[in-house]
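Chemist: As they're listed, the protein sequences go chains A and B.
Heads up, the first sequence is in my numbering, so the first residue is 6 and it goes up one at a time.
Heads up, the second sequence is in my numbering, so the first residue is 8 and it goes up one at a time.
Just so you know, not all the hints are guaranteed correct.
Claimed, not checked - Some chain B residues well away from chain A (every beta-carbon gap over 10 angstroms; in silico):
| # | residue |
| --- | --- |
| 1 | A279 |
| 2 | G299 |
| 3 | T426 |
| 4 | T1005 |
| 5 | D1014 |
Stated by the list, open to error - Selected chain A positions facing chain B (Cβ under 8 angstroms, derived; list incomplete):
| # | residue |
| --- | --- |
| 6 | Q91 |
| 7 | G99 |
| 8 | T102 |
| 9 | E124 |
| 10 | L162 |
| 11 | P201 |
| 12 | L202 |
| 13 | R222 |
| 14 | M245 |
| 15 | L249 |
| 16 | E264 |
| 17 | R268 |
| 18 | G447 |
| 19 | G459 |
Read the hints as simulated data drawn from the structure, not as lab findings.
We put the beta carbon where it would ideally sit given N, CA and C, even for glycine.
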Amino acid sequence: MDPLSNELNRRTFLKTSAHGFGALGLGSLLAKDDGMLIGTHHKPKAKRIIYMFQSGAPSQMDLFDPKPDLGERFSEDLPDSIRMGQRITGMTSGQKTLPVAPSIFKFAQHGQSGAWLSELLPHTAKVADDLCIIKSMHTEAINHDPAITFFQTGHQLAGRPSIGSWMSYGLGSSNKDLPTYVVLTSRGTGRPNDQPLYDRLWGSGFISTQHAGVKFRNTGDPVLYLSNPDGVDRPMRRDMLDDLAALNGERHQIVGDPEIEARIAQYEMAFRMQASVPELTDVKGESQEVLDLYGPEVKKPGSYAANCLLARRLAERDVRFIQLFHQGWDHHGGLPKALKGQCSDTDHPTAGLLTDLKQRGMLEDTLLVWGGEFGRTTYCQGKLTRENYGRDHHPKCFSMWMAGAGIKKGITIGKTDDYCYNILEDPIHVHDLNATILHLLGVDHERLTYRFQGRQFRLTDVHGKLIKQALS
Amino acid sequence: MPRSGQFLLALLALICPANGELHFNRDIRPILADTCFNCHGVDEGSRKAGLRLDTAEGAYENYDGFRAIVPGDLKESELIYRIFNDDEDEVMPPPDHPHQLSETQKNTLKQWVLEGGKYEGHWAFIPPEKAQIVGSSKWGENAIDSFIFKKITEAGLTPQPEASRETLLRRLSLDLTGLPPTLDEQKTFLNDKSPDAYEKLVDRLLSSPRYGERMAMWWLDGARYADTHGFQADWERYQWPWRDWVIRSFNQNMPFDQFTIEQLAGDMLPNATNSQIVATGFNRNHRINTEGGSLAAEWHVENVIDRVETTGSVWMGLTFNCCRCHDHKYDPISQKEFYQFYSFFNNVPEKGVERGTPKNFEPTIKVEDPEAENKVIQPESAIAEIEKTLSSAKEKAAADLNENILRKFKNPWTTQKPTKITSKGKTAFTLQVDGSYLATGAKPATDLRTIILEPNLKNLSSFQIEALSDPSFPNKGYARGHNGNFVLSGINAHVIQNGKKDIPVKIAKARASYEQKGYPVSSSLDGKANTGWAVDGNTKREARQAVFDLAKPITLKLGQQLKITLNFGAFPNHSIDRFRLSATDVKSPPLSPATLDQATILAIKTPHQKRSPKQRKLLAAYLSQHPTPDLSERLTKIDQLKAEITKLQGSAPTVMVMKELPNPRKAHILDRGEYDQPKEEVTAGLPSILPPIPKGEKMNRLGLARWLVDKKHPLTARVQVNRIWENLFGTGLVESSENFGTQADYPSHPQLLDWLAVDFVENNWDLKDLIKTMVMSATYRQSSKLDSIRREKDPQNRLLSRGPRFRLQAEMIRDQALAVSGLINDKIGGPSVRPYQPAGIWSEFNFYGNLRNYKHDTNGNQYRRSLYTIWKRTAAPPAMTLFDMGSREVCSVKRAKTNTPLQALALMNDVTYVESAKALAQQMMSSGKNPEAWIRDGFKRTVTREITKSELSVLLKGYQRRLNHFKRNPEAAKSLLSLGEMKVDPKKDPAQLASLTTVASLILNLDEIITKG
């Protein structure tokens, strides 16, 4: 028998102190268990969210918003009556023409709802009746950095809290072994070296840093500094933590500062995470049947498919805000090939995740969101041929979908014009989407505020209307 | 919620004085600001019913018979009627308003109206005055203590006694230098029994160069200083000379007014020095957008607004960002005033969007090294010395010239006529009049060509391939295919003889007259198929030579031939399609032999006395091209010295700085803050709520800087003394240290704040003196013990009824570990450095920019203080951000002090702390003979006090347990001790050292260590 574990049994300090915490320090994570709000503003429909962010901006007219009539307008210049003088990026503003590039992909209607989906999304097509597709999203930025920052923080410039950190701040943690806001990233095969991501996308801005998203890493420890150093095993860590708690406890007797108790508790949480995170990321126990739902890439670490499965496991463990970022959707050129790559990465696992949640009865209280930071232009960037084209950034209309908790099934919201350039019906702004996400999690976006520099800040600034059409 | 209940009671005790008299600024304005000003404030656009409650005039005004407030008259005051109202249509605030009034707040408003409903201007906008020092001399050291003591006693408390000397030493060292005291420093102070020992310690720490670093750690947050441009690809920039300016200025104790003026407008000072211009890097530290396709006009506006926000926040505690789109809701600053302020910063000759490159963007300035002037004196005089005799040496050399020299100009190369040229791709070759061969016929994509030679040379030492351009080729270049360029990917030579095996000939070296970047001729010898020699054939036409020097000269016997094989396999259609071959027996032959014109030859042949002035000129020119050994030595020496001077002057780094356009850029009010919606034109101006510009100052950036530090300015001094207070005590006298606008928290000790602010200005803005005043106070020196009565009456220590105790900031935690372990490298300043960082932080989700594939330094720079760590804004060092350091993307003047499990993981497992523990353990082992002595030493070294008996017992027992474990598992000990770059002393017993490392790690994880107590 290892004398270390012997020693463990003899010592009781932790046992007593773990239950004996009174007032915890104000700066500590555990003290915020209930969040800044006491309960939610209203009964939440969703206990958690899995937000599948498609970074780089997927092309809406090649995936969700068919414009078959454009076939006849191949390479015609975009009419001024459609563009209406709107600004375009520096990447195409120098082109002599803005030639219309009709999608080469076939669309068909699926399910009872008859949702239109591209041939690139065969698996999504099978769950079409669970989706609420929004074709009338619009945003304000026309370049990636400000646009994705806008989606995540409600503001184009750095410095504001991300949506997940707002949730952590407002609602606190719903589990005791894992972070409240977890971020998973993956690289696309459609464009492997695509637009970057930034810490600020899951950062906490001016809100206290404990609310920042914890990014699970694809190399090394999934959580930074999770593993004990070589030569220190788990019983030894336990042994050291017991000593540490004894010393800190003694100091607490003298100084009386409640932060010390909080510190001891944080070390205990760290110790628990050292077990809970590896348990979480170990998918050995998953049946082949379940693995098959997510497609062939599910066993490839760091793939979108692996992250989808991990997302379900996080959801099961009551992590409140789970966000996937899949890179590689920025297709200025060679779009048909690149888009195929992206869809083969994501279509199968996305539908698999939805199905898996559904068969476990978790889709009822899990909100799913799928989409990117803006749309793409109907006109071609660079050389246009019948088979090949590229598309520039387009903020005026694009498509996303939501599903699960509190969301109407099998509907499509919004309508765009014949060129997929302007919105004709039901414009939905980024702030509206964010307001709706907060609403489904039980939070009134107008009442979750943080006072900074003398002003009450909100995720949605002074904007945001619920997408009522989407709510069940 | 017992915790918050308790907290509220205490808070009420703090804000409601016993006599019950209400102060508008302290008690009323915060309620109105939160609840009413949104619709009844300064912003006309959103004002409801025309009523404003932010001014007395508005509140007392008669609106068709109604008056919001009638002083002393509850019945006639519409405000009272509306807030105590059950009717949904009448009650204020409306039922759906996010901020509802509590019963206490309603009653407070009622009481205030009853007391006369008096308004005051916002306290922070009224210039501070020195209040008479109140209180008694019963306690304390200086003015601070009088103000503090009064409040403590009013609350029924007494101050805590002075903390132990050990505690004070540690507290002071961390506060003033960011580092814990060394063992020697502990000894010196603890043995100093003189009455002014503490003051001497304060003076010593303030004069330490570590003070400047510690203060810079504070200043850099607000200045959003970083090493990258911050958007998308996040390219590197090199702004560190500005950071070093900050450290230097703090160490020199530059008065804060000068510190302000130089950073905001040093470039506009008369006869500005280089250092004063470098200082203006402050307002170029903002992010700069380099994302392709971004619109310059849009991002230019954002650059300027960042300067406005940062300057407002750092100096005045005012945020202007609301006014970008509309009049400020709370603070009396209009949108127009915002754009007037914007005009001050709008005149920099900059681009809104820059091309993604790792560099500093214009305007920049070379940073003069004050020492550079002296350093060049020596080489300059050495040059003068050589030049003294140079012209006579030249004359002598010219006189000595005769026809013997002409032998040197014989062409060493003999053009070769191959006996056979074969091409794998079936290309044919046609001999041209100049001896070159032109490719014709088949055009294979890649080709392998074999050339057979029979050179008539005894000792063939080198051969040469000349690539010639041809007008028939694309771009009139060197190859028939593609763009006229070629890539020679491989070359080898063999001696061949019929019926015998080929003998390889070793090529020692390749040289070329021209090499395209990335395609040196040496790569034709590297054996790699995808590299080779190229010559920019798409744009160049000149003949290019490549010489291949053989390792040993060869002599061909009868029947032997030389076979040269050229490989053009790297790029399709990149062959040399017109070439000439030559060979030589001269050792190290020149690439292109020098030729002389006839006039020069004649001049050389002419005896010196008979040479005409024109011929003498020709020979002078000849000598400059072909110097004699003597001349060559002199000229080379001069070149070297000149290069040295250029290096001394030219290696100066640059820094991005402010510069003023000769004519200010036009500025407009931007509708809704949007860059493409300009409205009314505006010129530079100051918010009317603040004092006017000082007499004689121009309305420009320099005037603005001087206005900020004008004696009459109500904000600058208050904001700074409050932030310094916050550094030392954990919370500012104004808790909202980032905001002094009308929404600011009311000061806990308004008179003390004002006293300090006025004193600071009167004392010539002397920062060291201000800090000394604070740390000399008895308030600062109190013990930080929290007992039950304080927990009840002063839970947040806003009364300062005990000494400060809070977690150290990120940099200090790491620096402390490096310092106590002895690993620290205490070099000050210079380019940023790379300490340990988990793999992939830079590269995991960014594939652009130059900062990827992070590798930590191994030259000792990994142990530099944390403020020198390279800061990539979009992927900042996690060891810092986990401990609440912001991303440095925007100005931030306040850090949180969180306590999280991720911090615990970092302190336990980050190699930085494991290695520090290892180094600390090794030091401990050198301090005595047994584990007890080691642990006592380590504890004292780190915690700055003697270990208690029970603490020692815990650590000693733990040491023994883990020692047993490591004895049984020597591999584990070895693994633990091999972490980090530092090698352990092989003479130490690994099991003992490993176990002691776990003890040291425990000490570095103590709450007491990561806390300033």
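Chemist: Check the structure against each numbered hint from earlier and tell me which ones fail, lowest number first.
Modeler: 2, 4, 5, 6, 7, 8, 9 and 18
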